[in-house]
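**Student:** Work the whole structure out from these sequences, hints included.
Residue-level listing of the chains:
2 protein chains.
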Amino acid sequence: MISDNNINKYRDELQNKGIQPSFHRLKIYEYLKSVKNHPTADEVHRELTSQIPTLSKTTVYNTLNLLVENSLIFAITIDNGEVHFDGDIKPHGHFKCLKCGKIYDIFIDEGEMNFGLKISHEITEIQIYMKGYCEDCKKSP
Amino acid sequence: MISDNNINKYRDELQNKGIQPSFHRLKIYEYLKSVKNHPTADEVHRELTSQIPTLSKTTVYNTLNLLVENSLIFAITIDNGEVHFDGDIKPHGHFKCLKCGKIYDIFIDEGEMNFGLKISHEITEIQIYMKGYCEDCKKSP
DNA sequence: GTATCTGCAAAACATTTGCAATTCT
DNA sequence: AGAATTGCAAATGTTTTGCAGATAC
Numbered sequence: 024m025i026s027d028n029n030i031n032k033y034r035d036e037l038q039n040k041g042i043q044p045s046f047h048r049l050k051i052y053e054y055l056k057s058v059k060n061h062p063t064a065d066e067v068h069r070e071l072t073s074q075i076p077t078l079s080k081t082t083v084y085n086t087l088n089l090l091v092e093n094s095l096i097f098a099i100t101i102d103n104g105e106v107h108f109d110g111d112i113k114p115h116g117h118f119k120c121l122k123c124g125k126i127y128d129i130f131i132d133e134g135e136m137n138f139g140l141k142i143s144h145e146i147t148e149i150q151i152y153m154k155g156y157c158e159d160c161k162k163s164p
Numbered sequence: 024m025i026s027d028n029n030i031n032k033y034r035d036e037l038q039n040k041g042i043q044p045s046f047h048r049l050k051i052y053e054y055l056k057s058v059k060n061h062p063t064a065d066e067v068h069r070e071l072t073s074q075i076p077t078l079s080k081t082t083v084y085n086t087l088n089l090l091v092e093n094s095l096i097f098a099i100t101i102d103n104g105e106v107h108f109d110g111d112i113k114p115h116g117h118f119k120c121l122k123c124g125k126i127y128d129i130f131i132d133e134g135e136m137n138f139g140l141k142i143s144h145e146i147t148e149i150q151i152y153m154k155g156y157c158e159d160c161k162k163s164p
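The listed protein sequences correspond, in order, to chains A and B. Numbering-wise (my numbering), the first sequence opens with residue 24 and increments by one. Numbering-wise (my numbering), the second sequence opens with residue 24 and increments by one.
Treat the hints as calculated values from the structure; they're not laboratory data. Each residue gets a CB set at the ideal place from its N, CA and C atoms; glycine is no exception. Be aware that one or more of the hints could be misleading.
Claimed, not checked - Pulled a few chain A residues facing chain B out of the computed Cβ check, cut under 8 Å:
no., residue
1, V58
2, N60
3, T77
4, L78
5, I101
6, D128
7, F138
8, S143
9, E145
10, I146
11, Y152
12, K154
13, G155
14, Y156
15, C157
Claimed, not checked - Below, in silico cross-link-like pairs of lysine-lysine (DSS-like), each with a Cα-Cα straight-line distance of 27 Å or less:
no., chain 1, residue 1, chain 2, residue 2
16, B, K113, B, K32
17, A, K161, B, K113
18, A, K113, B, K32
19, A, K122, B, K113
20, A, K141, B, K122
21, A, K122, A, K32
**Tutor:** As structure tokens, this is what we get:
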């Protein structure tokens, strides 16, 4: 296990939000924190059932929603069909290639992300989605 | 009819993209261009069936997808469940209130929307989504 | 012992698809 | 006539829900 040494940190993060750090929840949260791509609920489930054969999809959905509601992970709705999840909650954008479908992280300077806005709504979350053709697919789009 | 005088313009815009401007397509496109909110496919269908009782949901979906593919309208995926559509294709962001669910337009200076990025992907579309509590709901979130 | 978490199966929901009928040129 | 558009019904795929059993505090 790659990030076993972070388990206690993750447990604390859940507890600080008032979430009981059950075995399943902790595993799902750890998985999202350790992985560098943006898995769907189905992918999280498929990946973790190899370690935890009894893990149900319902629990995966329940837990992911719980984590999103508590701002511990982000839900990425750049796709129409299915939601992707991102354990990296420091502000950044996402780019989806229209050809290969891959989702890339786009690092954006935090100072660039307020757009000089003066609006009266209270903003709790910003998502920036870009689409197009990635470097690899650009030649033949 | 509010924007009858724009019909010829809309017809031209469809034809310039190689889309046959059928009656249904023209009506759907006109509706999206004239409305100031961000209807879902279902809302477009519900609204237009009062004028065009024979209009099917399949045609609404077909047409909306065709318009999106040809960059004549935008698909807004700020919601998980359903896609909203926006006939206003000049760059701007969207804000969704987590309490009342309303989606507001956020006008962003176009110069603010490149984020000083130097990335090697070819970007064809940028969507900026913000969430939080709108002015009206801020008092009791 | 009571509340919470989990899992199964079924339901809900938006969207897509296959195909036949209609319409347009 | 021929090609494109349309509509119905069924299928698809993701996510949610109801409820019973298991687990934890």
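**Student:** Hint by hint, note whether the structure agrees.
**Tutor:** Each hint tested on the structure:
With 8 Å as the threshold, the beta carbon of V58 (chain A) stays out of range of chain B, its nearest partner Cβ sitting at about 21 Å, so the hint is violated. At about 16 Å, the closest approach between the beta carbon of N60 (chain A) and any beta carbon in chain B exceeds 8 Å, and the interface hint on this residue is violated. At a threshold of 8 Å, the smallest CB-CB gap from T77 (chain A) to chain B is about 27 Å, leaving the interface hint violated. Among the interface hints, the one on L78 (chain A) is violated; its C-beta lies about 22 Å from the nearest C-beta in chain B, farther than the 8 Å criterion.
For I101 (chain A), the interface hint holds, the least distance from its beta-carbon to any beta-carbon of chain B being 7 Å, beneath 8 Å. With a cut of 8 Å, the hint placing D128 (chain A) at the interface with chain B is violated, because the nearest CB-to-CB distance is about 11 Å. Interface restraint check for F138 (chain A): the shortest CB-CB distance to chain B comes to about 4 Å, inside 8 Å, so the restraint holds. Because the smallest distance between the Cβ of S143 (chain A) and any Cβ of chain B comes to about 4 Å, under 8 Å, the interface hint for this residue holds.
The interface hint given for E145 (chain A) holds, since its Cβ lies 5 Å from the closest Cβ of chain B, which is under the 8 Å cut-off. Annotation: I146 (chain A) was flagged as interfacial toward chain B, and the flag holds, the nearest CB pair being 4 Å apart, inside 8 Å. Because the closest C-beta pair between Y152 (chain A) and chain B is about 4 Å apart, less than 8 Å, the hint holds. Because the smallest distance between the Cβ of K154 (chain A) and any Cβ of chain B comes to about 4 Å, under 8 Å, the interface hint for this residue holds.
Residue-level restraint check for G155 (chain A) holds (minimum Cβ-Cβ distance to chain B is 4 Å; threshold 8 Å). Residue-level restraint check for Y156 (chain A) holds (minimum Cβ-Cβ distance to chain B is 5 Å; threshold 8 Å). Hint status for C157 (chain A) relative to chain B: holds, with the closest Cβ pair at about 5 Å, below 8 Å. Of the supplied pair hints, the one linking K113 (chain B) and K32 (chain B) holds, its CA atoms being roughly 17 Å apart against a limit of 27 Å.
Simply put, K161 (chain A) and K113 (chain B) have alpha-carbon atoms about 24 Å apart, close enough for the 27 Å limit, and the pair holds. In summary, the hint linking K113 (chain A) to K32 (chain B) is not supported, as the alpha carbons are separated by about 44 Å, beyond the 27 Å threshold. A distance of roughly 24 Å separates the Cα atoms of K122 (chain A) and K113 (chain B); the hinted pair therefore holds under the 27 Å criterion. A hinted pair counts as satisfied when its Cα atoms are at most 27 Å apart, and K141 (chain A) with K122 (chain B) qualifies at roughly 21 Å.
Between the alpha carbons of K122 (chain A) and K32 (chain A) the distance comes to roughly 38 Å, so the proposed pair goes past 27 Å and is violated.
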